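Asks: Got chain F; can you put chain C on it based on the hints?
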Amino acid sequence: MGDLFYLGSRYISHHRAKLLVLIFAITLVSWLPVAIQIIVDQTAEQLLDRAESTPLVIGAPGSPLELSLGSLYFRAKTPARLDYSEVKKVEATGYARAIPLYYRFRAQDYPIVGTSPDYFSYRGLQMASGRPVALLGEAVIGSKVAEVMSLGVGDHIISSPESVFDLAGVYPLKMPVVGVLAASFSPDDEAVFVDVKTTWVIQGLGHGHQDLNRQEAVGQVLKREGDNLVANASVRQFNEITSDNLESFHFHGDNASFPISAIIPNAPDEKSAALLLGQFQEEREDVQIVRSRRVIAQLLDTVFTVRDYIVVGIAVVAIATAIVALLVFYLSLRLRSGERFTLARIGASRLQVQILMATEVVFVLLLSAALAALLITLTRQYGISLMQQLLLA
Amino acid sequence: MSLEIEGLRFSYESEGFVLSVPQLKILPGESVALVGPSGSGKTTLLNLVAGILYPERGTISVDGQLISDLGARQRRQHRLCKMGMIFQSFELLEYLDLRDNVLLQARLAPGVKITPALEQQAKDIVAELGLLDKWRRPVTALSQGERQRVAVSRALLLDPPVVLADEPTGNLDPDNKRAVLDHLMALCAGGNRILLTVTHDHSLLPAFDRVVDMSELLAQEVA
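Residue numbers (the working numbering), protein chains in the order written: chain F, 4 to 396; chain C, 332 to 554.
These are calculated hints, taken from the structure and not from any lab test. Every value quoted in this text rests on a predicted model; they were computed, and no experiment measured them. Built from N, CA and C at the ideal position, the CB exists for glycine as well. One should not assume that every hint holds.
Unchecked claim - Here are the simulated distance ranges between beta carbons:
id	chain 1	residue 1	chain 2	residue 2	range
1	F	S16	C	P505	31 to 41 Å
2	F	G341	C	Q451	23 to 33 Å
3	C	P469	F	R383	10 to 20 Å
4	C	P368	F	A361	34 to 44 Å
5	C	D394	F	S12	35 to 45 Å
6	C	Y343	F	Q357	41 to 51 Å
Pulled out of the complex, with its shape left as it was, chain C reads as follows:
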């Protein structure tokens, strides 16, 4: 399952911002880092791929399915079932414990039921990230690194072919940065998933298969 972008254009007229991506193709199992200065459109590209924003021109397709052809409802459902989202500030729900945060996306996804098998799957992922002993603990009682691992578990539970991560290590200390990224990459590589990550941290770039510099508008392969 590949991710392909062709002739993409998106702009915020009032801010004079224009994002243009002539072509970008990401293969299954590939990890790509999006880098560039603030305002270069990294997060905007992530939101376009996720179907949160709608391009003015061009196409985005996941495994041949044109995201840009889908209606708002279908894009939302596509996002719920086919994409895992990870955010800089984790965006966990504080009133839920670890288990319920991991199962959150599954609860919202159409046609997905919380079965014992799915719960076991969640436990397996959490165990892989070393948090199983905190299964019913409130997320407010977890450290920053642990919270981001919970967010990673939530993003991967429904086995999405594409994982979109917006500065996933931005709020973490160096030790946790490395650990979370290693876990994320291992889980994505193991599932043959595409990992598209926005990052400002150049020390992490060698870990990615490819780095795309947004400031150059054209994709440049550096690795």
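This is chain F alone, in the form it adopts within the complex:
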């Protein structure tokens, strides 16, 4: 038997290009439908879990889906703007604590999420090392951010400018990492958390610079009108908030009118949530309040429909591939008729000839099955994060 397998292996090696194409095609059509099923199911489960843990979201009028995905996954590219004053208004209803979210900015590939300390207890996030954000300009990073960017407590993370060509735009802010979150296997692992005021500094609504009341700063002041000073361009602005310059940071304007992206109302019970929902839906047209589970479920309905179409399409391709594979095997057997004849004439048994001929088919099917199984295992493990990036990018 060993000699026959050896001869079979020589045949396989000689025709490797043809067989690899076959193996690739069979593996692909075996793996794809299963992979789609796995990814869609896992995505649906994760999306619904996240949505269920965040029943209500408040944001500016617009797409409920965008608001839900933005506040759950921080992935919206240009989130609609909501005034910070809405936080106070939600709390004034007495039905919920309001957790602000401002996720407009990024540090490389990761969203910077400006929020309040309540967010961490709301999500049940634990610190793996360091401490929570306590001062303006400090950052706590998710476990994935720490892993990918090789950052830890004591390192710094810099916000990315929105456009390098916009001189009046957002300047990079260097933020010390004071804590790393334990892995929660949620979008929080891939976010950088700061105080919401820090995001306003990133935006340029607040800043710190040299003290213009110093004796040496006289030459930098162009005009004094009461409390208002106009200085020339030599005044140094700080791009990092430290204990030395923290005092110099200040905001121009009323915080209530500063922007945020969304509010998560943290209602103590379902009744309060329902009352808040009713109140906002009835009385407020300038903001929208959405039930994220319902929005995500609608999204999933679409995804499931698309999945079904794709699976049907792949099934058709799979049938075509199976027919082509059968044809290839049949033609291969036809081409090997001379070989079978020779083997029979020199004395090979019918069984020996059949084993030798079957080696090709068995090898292709076994290897395709093994590869498909491996890919399915990998899909179960990593497919979900890949799919999320595709869906939410």
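Replies: The following block gives chain C in isolation, referenced to the frame of chain F:
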């Protein structure tokens, strides 16, 4: 070890073909050429001796062992172990290299293992045929003459007492024809083997000990 045929009859009823060999005896070390026009039954006789076809009547024996008495499986094993087969179109496996083609029959034969000693034996035969430098070369990279020498090596590896060759030089140019036949005859004579060859090439006949003209139905010794 002699090859004896007695009162052999074989026919293809539908084609009206009848082969009849009253008597033919070939002695050890003897080389015999089977000649005759197409359809005279040369290849059929070769297949009957090889046990691929089964006679309607008569006997074929190799060293007293009646081939016609053996079952299909035993005839196959007899062919693998006791006979070397050489074909006009070489019938090498293109996906194997020279070494593996030479060892092919040995791999299929029951009770034969590919040992270093057997491989050395294969190398010796290949060296004798002047192909040792191409030992691991794919057979597709060999010339026609070289391929037929590989087929000769495959047929002789298990030291068979009978070598059956069906037009072994039919696809070769004149130079290669002569060279391959010389090698084949030398190797058969050296091993005291019977060589039974079908050929259409009358220029090669003087090299054989005996020529049997199939068209006459009765064996005629011309040399």
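Asks: Run every hint past the structure and note whether it holds.
Replies: The hints, checked one at a time:
1. F:S16 to C:P505: 31 to 41 Å: holds, 37 Å
2. F:G341 to C:Q451: 23 to 33 Å: holds, 30 Å
3. C:P469 to F:R383: 10 to 20 Å: Check failed, 43 Å falls outside 10 to 20 Å.
4. C:P368 to F:A361: 34 to 44 Å: holds, 42 Å
5. C:D394 to F:S12: 35 to 45 Å: holds, 37 Å
6. C:Y343 to F:Q357: 41 to 51 Å: violated, 28 Å
In the structure shown, a violation is registered for the earlier hints numbered 3, 6, in ascending order.
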